[in-house]
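Generate coordinates for the entire structure from the input sequences, incorporating the hints supplied.
There are 2 protein chains.
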Amino acid sequence: MSNKEIQEQRMKGYFIQATKEILKGEGLKSISVRNISERAGYSYATLYNYFKDVKDLIFECVVDFQDECETFIKSETKKYEPGLIKIKAITKAYIKYFIQYPGIYELFYIEKTTDLAHKQPTVKLIHNFLNKLCEEEWQYCLNNKILNSAEASVMKETLHYAVIGALIIYINRRQPATYKEFSIIVESQLNYILNLA
Amino acid sequence: MSNKEIQEQRMKGYFIQATKEILKGEGLKSISVRNISERAGYSYATLYNYFKDVKDLIFECVVDFQDECETFIKSETKKYEPGLIKIKAITKAYIKYFIQYPGIYELFYIEKTTDLAHKQPTVKLIHNFLNKLCEEEWQYCLNNKILNSAEASVMKETLHYAVIGALIIYINRRQPATYKEFSIIVESQLNYILNLA
DNA sequence: TAAGTATATTAACACTGTTAAAAATATAAT
DNA sequence: ATTATATTTTTAACAGTGTTAATATACTTA
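Chains A and B, in that order, are what the protein sequence lines are.
Here the first sequence stands for residues 1 to 197, where the numbers follow my numbering.
Here the second sequence stands for residues 198 to 394, where the numbers follow my numbering.
Quick caveat, the hints were computed from the structure, so don't treat them as lab data.
Hints should not be assumed to be uniformly reliable.
What the hints assert, rightly or not - In silico lysine to aspartate or glutamate, DMTMM-like type, Cα no more than 20 Å apart, as pairs:
hint	chain 1	residue 1	chain 2	residue 2
1	A	K96	A	E68
2	B	K329	B	E278
3	B	K353	A	E76
4	B	K293	B	E348
5	A	K12	A	E76
6	B	K353	A	E135
7	A	K55	A	E8
8	A	K79	A	E68
9	A	K24	A	E70
10	B	K209	B	E257
11	A	K29	B	D250
12	B	K226	A	D53
Rendered as structure tokens:
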């Protein structure tokens, strides 16, 4: 990597860092070009020397957050036995991560894809994120004849949709009112969907 | 109702009508005070004589759309037998309505409640919309011992979350790519959640 | 040091919601 | 009917948004 590339990457990093901080803190609605640039220590127009537009910048953050989320989930769930138990644990860790950073959830699932349509592969990446995280475990269930293909398929999709819905209603609508209530509902739903205890 | 009130209500109606047209057509992102007012045939500032702010106006539309949606669902499902079969039919009609008007779905579930927090009862109304539409049928299942209380509860919540999630991913993310594929997934999920065929 | 290039900043444009002052209209009283 | 008073509508303005073009600064090389 040439000096020029190193420096350019460093500059991009300053803006990405600033954006990530705002998203984790105040959330998506506090994101603005001037706001990001001020935190990065540059003028607002400088941003456009390193990113096509602000959506481009935000999208780079998505990739970072996904890595971060994946790392978090791995460390939270490594002690669980493989299969449905682990799928449940992964899902709970997934929910936990986004509850901790609602701004990141907004970014992942609420922000219209239309606005980011030029990055189709990344969009697919986001959409399949939970499924990807559980992929190994679903495969385990199939290999060990715990589930057949049709069962696994419907469980996987139902789990996926229910988790997205649960998070949007809790994060975006504050329903139910407390995290405790929310946890109880989630727990019983996971058991129901995954046919556990 | 006094003349003054009639006239005021009429004026509000013009703005509400204009807003509803835009929401059904171009969607939430095309909503702007100037855009609405132009369509209503008035200057942008006139809007503020009849609504506290644009969120107030939008919220009046929510109530209208809910009535419209409920009427649509009632007419689509009246021929179905009561119980789980009817719950499935109601849910499918619910999905059908929002697929037809994605802009209204945005408004219902994606628009942050925070921005409309001053109308808490209405927010609860929206959140419980699907559950309210099915309430009678859930009661039927309990009365006829088709389900016990715990079963009904978890089914109801899972159904609710899964439907919200399914719609957000299909409408906001265009995943899966076709309505046909989407319908198949929805069908199998409804059967799984409601423990049907 | 001077010229040329790359980068950063300011100024400007078109948009957003909202408010205060100005203009137009309708109502009331003489 | 004409004047005076309310009421309602519009225009102008403000503070914000993303983005671009022109200007100013810093750096590199001759």
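So, going through the hints one by one against the coordinates:
1. A/K96 <-> A/E68: 13 Å, holds
2. B/K329 <-> B/E278: 18 Å, holds
3. B/K353 <-> A/E76: 30 Å, violated
4. B/K293 <-> B/E348: With a Cα-Cα distance of about 26 Å, the restraint between B/K293 and B/E348 is violated, given a limit of 20 Å.
5. A/K12 <-> A/E76: 31 Å, violated
6. B/K353 <-> A/E135: Given that 20 Å is the threshold and the Cα spacing comes to 27 Å, the pair is violated.
7. A/K55 <-> A/E8: Holds - the C-alpha atoms of A/E8 and A/K55 are around 18 Å apart, at most 20 Å.
8. A/K79 <-> A/E68: 19 Å, holds
9. A/K24 <-> A/E70: 16 Å, holds
10. B/K209 <-> B/E257: 10 Å, holds
11. A/K29 <-> B/D250: 18 Å, holds
12. B/K226 <-> A/D53: With Cα atoms ~18 Å apart, B/K226 and A/D53 stay inside 20 Å; holds.
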